[in-house]
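**Q** So the protein lines, in turn, are chains A, B, C and D.
Per the numbering used here, the first sequence starts with residue 1, numbered consecutively.
Per the numbering used here, the second sequence starts with residue 1, numbered consecutively.
Per the numbering used here, the third sequence starts with residue 1, numbered consecutively.
Per the numbering used here, the fourth sequence starts with residue 1, numbered consecutively.
Treat the hints with care, since some could be wrong.
[What the hints assert, rightly or not] Taking lysine to aspartate or glutamate and the EDC-like style, the derived pairs with C-alpha atoms no more than 20 Å apart in a straight line are:
{"hint": "1", "chain 1": "D", "residue 1": "Lys81", "chain 2": "D", "residue 2": "Glu39"}
{"hint": "2", "chain 1": "B", "residue 1": "Lys319", "chain 2": "D", "residue 2": "Glu308"}
{"hint": "3", "chain 1": "B", "residue 1": "Lys71", "chain 2": "B", "residue 2": "Glu88"}
{"hint": "4", "chain 1": "D", "residue 1": "Lys319", "chain 2": "B", "residue 2": "Asp315"}
{"hint": "5", "chain 1": "B", "residue 1": "Lys319", "chain 2": "D", "residue 2": "Asp324"}
{"hint": "6", "chain 1": "B", "residue 1": "Lys67", "chain 2": "B", "residue 2": "Glu88"}
{"hint": "7", "chain 1": "D", "residue 1": "Lys319", "chain 2": "B", "residue 2": "Glu308"}
{"hint": "8", "chain 1": "D", "residue 1": "Lys81", "chain 2": "D", "residue 2": "Glu50"}
{"hint": "9", "chain 1": "B", "residue 1": "Lys319", "chain 2": "D", "residue 2": "Asp315"}
{"hint": "10", "chain 1": "D", "residue 1": "Lys319", "chain 2": "B", "residue 2": "Asp324"}
{"hint": "11", "chain 1": "A", "residue 1": "Lys67", "chain 2": "A", "residue 2": "Glu84"}
{"hint": "12", "chain 1": "C", "residue 1": "Lys49", "chain 2": "C", "residue 2": "Glu65"}
{"hint": "13", "chain 1": "D", "residue 1": "Lys80", "chain 2": "D", "residue 2": "Glu44"}
{"hint": "14", "chain 1": "A", "residue 1": "Lys428", "chain 2": "A", "residue 2": "Glu84"}
{"hint": "15", "chain 1": "A", "residue 1": "Lys403", "chain 2": "A", "residue 2": "Glu161"}
{"hint": "16", "chain 1": "A", "residue 1": "Lys40", "chain 2": "A", "residue 2": "Asp79"}
{"hint": "17", "chain 1": "A", "residue 1": "Lys71", "chain 2": "A", "residue 2": "Glu84"}
[Claimed, not checked] So the derived label-pair ranges between C-beta atoms look like this:
{"hint": "18", "chain 1": "A", "residue 1": "Glu122", "chain 2": "B", "residue 2": "Gly77", "range": "41 to 49 Å"}
{"hint": "19", "chain 1": "A", "residue 1": "Asn401", "chain 2": "B", "residue 2": "Gln304", "range": "45 to 53 Å"}
{"hint": "20", "chain 1": "B", "residue 1": "Val126", "chain 2": "D", "residue 2": "Glu240", "range": "45 to 53 Å"}
{"hint": "21", "chain 1": "C", "residue 1": "Ala123", "chain 2": "B", "residue 2": "Gln380", "range": "51 to 59 Å"}
{"hint": "22", "chain 1": "B", "residue 1": "Gln231", "chain 2": "A", "residue 2": "Asn266", "range": "42 to 50 Å"}
{"hint": "23", "chain 1": "B", "residue 1": "Gly77", "chain 2": "D", "residue 2": "Glu243", "range": "53 to 61 Å"}
{"hint": "24", "chain 1": "D", "residue 1": "Lys424", "chain 2": "B", "residue 2": "Gly281", "range": "43 to 51 Å"}
{"hint": "25", "chain 1": "B", "residue 1": "Gln231", "chain 2": "C", "residue 2": "Glu243", "range": "35 to 43 Å"}
{"hint": "26", "chain 1": "B", "residue 1": "Gln231", "chain 2": "A", "residue 2": "Gln380", "range": "42 to 50 Å"}
{"hint": "27", "chain 1": "B", "residue 1": "Gly281", "chain 2": "A", "residue 2": "Asn266", "range": "27 to 35 Å"}
{"hint": "28", "chain 1": "B", "residue 1": "Gln231", "chain 2": "A", "residue 2": "Glu122", "range": "23 to 31 Å"}
{"hint": "29", "chain 1": "D", "residue 1": "His400", "chain 2": "B", "residue 2": "Gln231", "range": "25 to 33 Å"}
{"hint": "30", "chain 1": "D", "residue 1": "Asp357", "chain 2": "C", "residue 2": "Glu243", "range": "26 to 34 Å"}
Hint data in this document are derived by calculation from the structure and do not stem from the laboratory.
No residue lacks a Cβ here, since even glycine has one placed at the ideal position from N, Cα and C.
Listed below, chain by chain, are the residues.
Protein chains: 4
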Amino acid sequence: MKQEVLAEQLVDWRRDFHQYPETGFLEIRTASKVAGVLEKLGYELSLGKEVMSEADCMGKPEEQETKQHVKWALENGADKKYVEYFAEGYTGIVATLETAQPGPTIAYRFDMDALPIHESEEADHVPNQLEFRSGVANTMHACGHDSHTAIGLGLATQIAENQDKLRGTIKLIFQPAEEGTRGAKSMAEAGVVDQVDYFIASHIGTGVPHRHFVAANNGFLATSKLNITFQGVASHAGAEPQEGKNALLAAASAALNMHAIARHSNGSSRVNVGELHAGTGRNIIPDQAVLIAETRGETSEINQYVKEQVQSIVDGAAKMYQLDYQLEVAGEALNCDCSLDLAEILKQCATSHPEMDQALLESNDSAGSEDATYFMERVQRNGGLATYCIFGTELAAGHHNEKFDIHEDTLLPAVEILYQAVEKLGAKER
Amino acid sequence: MKQEVLAEQLVDWRRDFHQYPETGFLEIRTASKVAGVLEKLGYELSLGKEVMSEADCMGKPEEQETKQHVKWALENGADKKYVEYFAEGYTGIVATLETAQPGPTIAYRFDMDALPIHESEEADHVPNQLEFRSGVANTMHACGHDSHTAIGLGLATQIAENQDKLRGTIKLIFQPAEEGTRGAKSMAEAGVVDQVDYFIASHIGTGVPHRHFVAANNGFLATSKLNITFQGVASHAGAEPQEGKNALLAAASAALNMHAIARHSNGSSRVNVGELHAGTGRNIIPDQAVLIAETRGETSEINQYVKEQVQSIVDGAAKMYQLDYQLEVAGEALNCDCSLDLAEILKQCATSHPEMDQALLESNDSAGSEDATYFMERVQRNGGLATYCIFGTELAAGHHNEKFDIHEDTLLPAVEILYQAVEKLGAKER
Amino acid sequence: MKQEVLAEQLVDWRRDFHQYPETGFLEIRTASKVAGVLEKLGYELSLGKEVMSEADCMGKPEEQETKQHVKWALENGADKKYVEYFAEGYTGIVATLETAQPGPTIAYRFDMDALPIHESEEADHVPNQLEFRSGVANTMHACGHDSHTAIGLGLATQIAENQDKLRGTIKLIFQPAEEGTRGAKSMAEAGVVDQVDYFIASHIGTGVPHRHFVAANNGFLATSKLNITFQGVASHAGAEPQEGKNALLAAASAALNMHAIARHSNGSSRVNVGELHAGTGRNIIPDQAVLIAETRGETSEINQYVKEQVQSIVDGAAKMYQLDYQLEVAGEALNCDCSLDLAEILKQCATSHPEMDQALLESNDSAGSEDATYFMERVQRNGGLATYCIFGTELAAGHHNEKFDIHEDTLLPAVEILYQAVEKLGAKER
Amino acid sequence: MKQEVLAEQLVDWRRDFHQYPETGFLEIRTASKVAGVLEKLGYELSLGKEVMSEADCMGKPEEQETKQHVKWALENGADKKYVEYFAEGYTGIVATLETAQPGPTIAYRFDMDALPIHESEEADHVPNQLEFRSGVANTMHACGHDSHTAIGLGLATQIAENQDKLRGTIKLIFQPAEEGTRGAKSMAEAGVVDQVDYFIASHIGTGVPHRHFVAANNGFLATSKLNITFQGVASHAGAEPQEGKNALLAAASAALNMHAIARHSNGSSRVNVGELHAGTGRNIIPDQAVLIAETRGETSEINQYVKEQVQSIVDGAAKMYQLDYQLEVAGEALNCDCSLDLAEILKQCATSHPEMDQALLESNDSAGSEDATYFMERVQRNGGLATYCIFGTELAAGHHNEKFDIHEDTLLPAVEILYQAVEKLGAKER
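This is chain A alone, in the form it adopts within the complex:
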């Protein structure tokens, strides 16, 4: 495929995914399409539960919602051949290609999920002008994962076409549920990067200027997403207040004390109770309360410290009011510590690319949290190198905004730089 054709194909893929966005663990249409393309290119596929540890999936939707979505996917162009592998919501894919000659194992991670955001209906929003706006209410690719998936397929194409002159083993990982940092741990725990020598995750946008590149983005905070439920006993507040077990007051105490967790002297920490919902009526002692919370840390250790304090506080608040409770980890990510040796190679690939104006080795700007860090930590623990790079692009609006949009000219250079890295890394001694 000529590069002009590939460029068009990338846009087609991206717009298709954009029109049919699917949120975390529901990427059934998306994954089935991805699998179809990869198999045709000759990759060996491992799908669904083969590449995901069920016990390590976090924040997965209810079975009922998943079943309904399978139906939707089949009605909206899913590749029937693969839907069965993903039908329970385990939507991960690992595509493996042995190139012509032995060499290192090189892995790339692409995330596929959309967000529960209603895409802008304003006329000046490019997806409206060009008619590829999300066809699903309250669901939108507002973070660029549609582009990531397209770039992954583009890279797969270029590698497959050039496999005779490449060295080593290629693993392309398509991950579900990056939003809320829910999906990566499950694939990492399933061992999909255990033989990997070089691991590269990438993101488009995130504040990096158009035609700029960051080879090692280290600013991610470790995080835990926590859903806390207190279950008490309702009672009439006027007639028998003493018979109630008050979940609202436990939640209020928990929220206050969670925010009062001591700062950590080794670095930044965060804790937020973003939502609290309790009670069912004015004159009823509230028997139910839910807290939607998160912790963060400059390092995984700091985040772990905050999380452990939260656990104590929630346990104590429940005991105060003689309640049952549940503390669900609905997402989690580690901090990021890119391998600069690997980043240096990526930076060289970007520097030499004609469409790139500037390539930076490292950035520490905070960019939220990322669960690709689970893959990175595991690769590095096994002696491999890992990095997280960013392809700058012109954004119509910030990530997670209803008017988010990227500049599609970024897609082809991204594929080409990642492909260059395959060539360079294959040539390295292991």
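Given chain A, work out where chains B, C and D should sit, using these hints.
**A** Just chains B, C and D now, with coordinates in the frame of chain A:
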């Protein structure tokens, strides 16, 4: 009208109101029907804003909801002639009749509103068997006000038919929005009981056995219904936590400290934050929080004490977090201090009624709160007598339960006892 | 002894005890003097641990303080013969007398302890004028127990002198540590009232007018006195805040949530954290916190309910911050339910006394808490009758005030009324 | 004076100050001795209120305590000539010397105050062995300010002896109450460094190894020391709980919410309620509560942010419970931003000193807080340079420990390095 016919008419009225339940300040169909009957009987009517102080309506629905409901009422049998008087949601009625001879002014209060409860769909529920179940989803006469309204019309009928042998002036007050104790104050403040010598409110059920009567029910607690809203500033909890003004933590502090209000040594008090809803997302500093709360007191003074503490606490919690706030009084009632001289007369009427097994002068069992207390306090302040009586009935399930139902045999005796009181009171010297 | 002589003796005793006040479980001088008098009168004595269950003593001072006080007592006129029985702070006495003829067992309770209050030094304070002011700094008989002890000895005298004409068995109980409701349970649990048919406790003052008598004072609230200690870990608040385990914040959470314990619909309840002391320095995460608290209830069940909520809250607050804690019950009393049959007899005795203007059968005015209720509950449980009576007197200032003083004319009538009851009760059939 | 003699003199001075420690704003004996030495050396002195803004003194002791201490100082060797200048507790000194030739103005800051710590009585503690242990109970030079004062006098001596060959104006500032960061602001606001070109503060110890030197110590956190008092109304917790205004619950709420202040994304922050004391008795609604607290920030702006949140929280907590309150700033310091150009010169002086093993330009290790930062900020704002340097020494135990002790061999090199700086800085162009 013979008493057998009246008995049937009472059942017809009650079932009609039961099928078309309307919640507080939306009793447009109900009030229009009531007005139609009363006018035909020869009563002089004062309607809507004529008998309600706009400033003293509490917890009134939004204008939009009222408008939509007017449409519904017109489509569901409202008497068009009167709808205009109630179209803004001021649904009170005062019907006056001068009897043949001068005498005291005697007033009766009847409440007309339903509850936001979905009536049982089970087959054994009598309104289902006899096909007069609520035709409106999530709305139900689950407290007996349909019966109260029917009794009021029955009493109106019997008085009108016998006016030649009666003495004094009769005032029949049909009140909106008793649920949530929202409507009575508005009518009392409009002065509708200012010339009243004897005031009688009544309720069916409330735990009194079938064929039993309580002439003075003193167990009501004074109460205030409070809706509290904190308005802060949202901010990204990871990137700029210091820019937020946290409404959730203010609400949590307010809830804890409200429950910690000191007990009052003069009698029972209550405070309950029944609901707390705050925040919009896991990673956002919550900028909005709502508390749905109530206070109660064995006396109005005790309730006032608790309410004042709540006001201080809410004000302080807002200041803590530099927030704006609103504290809306969404309902209010006083405590109850029945005039036993008047109750004694009612007790005699009940004792002499053949369908009654027992008549009790006074009960102090707590029966929640009642805003008829506004009328009672005002009548007594002006030198009149007032009482709150209960007609026991066999209940299918407790008040506010989805399977609530009364025994319709209670309707006619209730009318007859109240009518007897008119005769006896008219004969008294003023 | 003639009554004029007894009257003088009563004043002498009372002023002696007033000058040498001893707080709870330290009544060593007092008890030794009491024992000396009683033995001389011919009573059989049971002393110290013989009449006190060690495990049920609450809020007892440290061993060191007790030892030092023994030394003080010996230097200040204690009767050396008895000090050894009380030297560990078990200062209870039961004095038994078998009268001439068989009959019921009649018990009287007198309390002996003083308060940690500094007696007024103002010239107009009668004990200053008459030179019997407390000789001990910060210790004062400001509740009248000096008078109670004197009355007990007066009653002992009159009974002993008249034993030939009396019937039944007399038990005079001199109890330590009524303040803080700490001492009675220990004597009740030792079984000292297990064979008692009639039990009478009495108090002087408590708001009853001079020359008035209340035969059954039912207004006491059940209570628990709770000392709560949280033990955490200190840390430098600037350098390593995360290493601390913050006892201050646990205590703050506990205090707020204790006050927020739901009211009980069966009657009055109270909870108070009267003192909170936490932390050792501005820049140290506080590792220690103490709460001095109490609960009360209109019934023992209500108090028990509140106490159990406190236990849960304290346990939960400790868990929140990963702390150790202690919850010591430093005092406890039950509610009061006087036997009106017995009170009626006492009322007759008072009515017939020439110095008494009025005798009331029953009063329900709240008068704090009293641990004589432990004796009462046990006597009644075993089928006996019990009451708590009050001898009104003119007070210079309220109980527990530094200027508290009684009218000494009340002493002799009190003895005489209690003695009359012995005569009347002895004559009753068992 | 030969350097050996100076070395001995330094030890004498240091041990004298060590034996007579005085806490902040009570350095009356110390300051009088310092003034005596400086005047003899020919310095022009400005004393007490001449160099201190009364309004900016923070955390000053009560007048009574100051008066008593003046008496103590006079009895313990204070130089009577100067006591009057310091008798109200304004104990600052600025000593000025014009050297032989015009040149820049160079200022040095030395702090003189001791800590409320009881010095170790153990035999192996060097001040015990050499008999210069603190002669004052609970007061000790446990931070090295005795050495600082001695070094200041040593530097004064060496400068005075060499003034003929020096250039510029020398200002030696002896500051009270550095502990608690209370004294510097008062002198800075009085303008004592307003004409200063080079400002050098120094500290001994603080974790820097023996014979090491740090020329620019930037690790200080900005801080505010806050004493918060809530004043409510007491009431009997059983009889009339509703009459109280509960200061304990306000303090508990304030403490929790202060710790819950949102972290700042621009850098580290701290908040600590180190002590909370509330209430006077178990059965009294607490009418009084005190919080001893501090805030810190990596920058002065961050500290200011935290302090402002504390102010809102305290104000709101008082409003919650209808209390009066006071928020006293008992100490304050800014963050530290040393002028590296000036530090470089100091580093050269240290590098060339034969007793020094190593000189570091800059350190960012957190070393608590320092109010010399007020002088530094003011000098820099006026265009001057400022730095804070550290003379490492062998410590017997950490700062603020009861066994704290320095190695006296550090004293002379400190004087010599600071003196070298005078020579070098005088030679620089302004």
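**Q** Now look at each hint and say whether the structure bears it out.
**A** Consistency of the hints with the structure:
Distance restraint check for D/Lys81 and D/Glu39: the Cα-Cα separation of roughly 11 Å lies within the 20 Å cut-off, and the hinted pair is therefore satisfied. Among the hinted pairs, B/Lys319 with D/Glu308 is consistent with the structure: their alpha-carbon atoms are about 12 Å apart, no more than 20 Å. Simply put, B/Lys71 and B/Glu88 have alpha-carbon atoms about 12 Å apart, close enough for the 20 Å limit, and the pair holds. A hinted pair counts as satisfied when its Cα atoms are at most 20 Å apart, and D/Lys319 with B/Asp315 qualifies at roughly 7 Å.
Between B/Lys319 and D/Asp324 the alpha-carbon distance is near 15 Å, which keeps this suggested pair within the 20 Å criterion. In summary, the hint linking B/Lys67 to B/Glu88 is supported, as the alpha carbons are separated by about 7 Å, within the 20 Å threshold. Straight-line distance between C-alpha atoms of D/Lys319 and B/Glu308 comes to about 12 Å, which keeps the hinted pair within the 20 Å bound. Between D/Lys81 and D/Glu50 the alpha-carbon distance is near 16 Å, which keeps this suggested pair within the 20 Å criterion.
About 7 Å separates the Cα atoms of B/Lys319 and D/Asp315, which keeps this hinted pair within 20 Å; it holds. Under the criterion of a C-alpha separation no larger than 20 Å, the hint pairing D/Lys319 with B/Asp324 is consistent with the structure, at around 15 Å. As the CA atoms of A/Lys67 and A/Glu84 are separated by approximately 11 Å, the hinted pair is consistent with the 20 Å bound. For a cut-off of 20 Å, the pair hint linking C/Lys49 to C/Glu65 stands: about 18 Å separates their Cα positions.
Of the supplied pair hints, the one linking D/Lys80 and D/Glu44 holds, its CA atoms being roughly 18 Å apart against a limit of 20 Å. Restraint check for A/Lys428 and A/Glu84: the C-alpha separation of about 39 Å exceeds 20 Å, so the hint is violated. Taken as a hint, the A/Lys403 and A/Glu161 pair is broken in the structure, with Cα atoms around 36 Å apart against an allowance of 20 Å. At roughly 13 Å between alpha-carbon atoms, A/Lys40 and A/Asp79 fall within 20 Å of each other, so this suggested pair holds.
For a cut-off of 20 Å, the pair hint linking A/Lys71 to A/Glu84 stands: about 11 Å separates their Cα positions. Here the CB-CB span from A/Glu122 to B/Gly77 is close to 45 Å, well matched to the stated 41 to 49 Å. Between A/Asn401 and B/Gln304, the C-beta spacing of about 49 Å keeps the proposed range 45 to 53 Å intact. At about 52 Å, the CB distance of B/Val126 to D/Glu240 agrees with the hint of 45 to 53 Å.
A hinted range of 51 to 59 Å for the beta carbons of C/Ala123 and B/Gln380 is consistent with their spacing of about 54 Å. Between B/Gln231 and A/Asn266 the beta carbons are some 36 Å apart, a value that contradicts the proposed interval 42 to 50 Å. B/Gly77 and D/Glu243 have their C-beta atoms about 57 Å apart, which keeps the hinted 53 to 61 Å range intact. Distance hint for D/Lys424 and B/Gly281: a CB-CB separation of about 59 Å, inconsistent with the stated range 43 to 51 Å.
The hint said 35 to 43 Å for the Cβ distance between B/Gln231 and C/Glu243, and at roughly 38 Å that hint holds. Distance hint check: the CB atoms of B/Gln231 and A/Gln380 are about 46 Å apart, consistent with the given range 42 to 50 Å. The given range of 27 to 35 Å is respected by B/Gly281 and A/Asn266, whose C-beta atoms sit roughly 28 Å from each other. Checking the proposed 23 to 31 Å range against B/Gln231 and A/Glu122 shows it holds: the Cβ atoms sit about 27 Å from each other.
As the Cβ distance of D/His400 to B/Gln231 is approximately 45 Å, the hint placing it in 25 to 33 Å is violated. Separated by about 32 Å at the C-beta atoms, D/Asp357 and C/Glu243 satisfy the suggested range of 26 to 34 Å.
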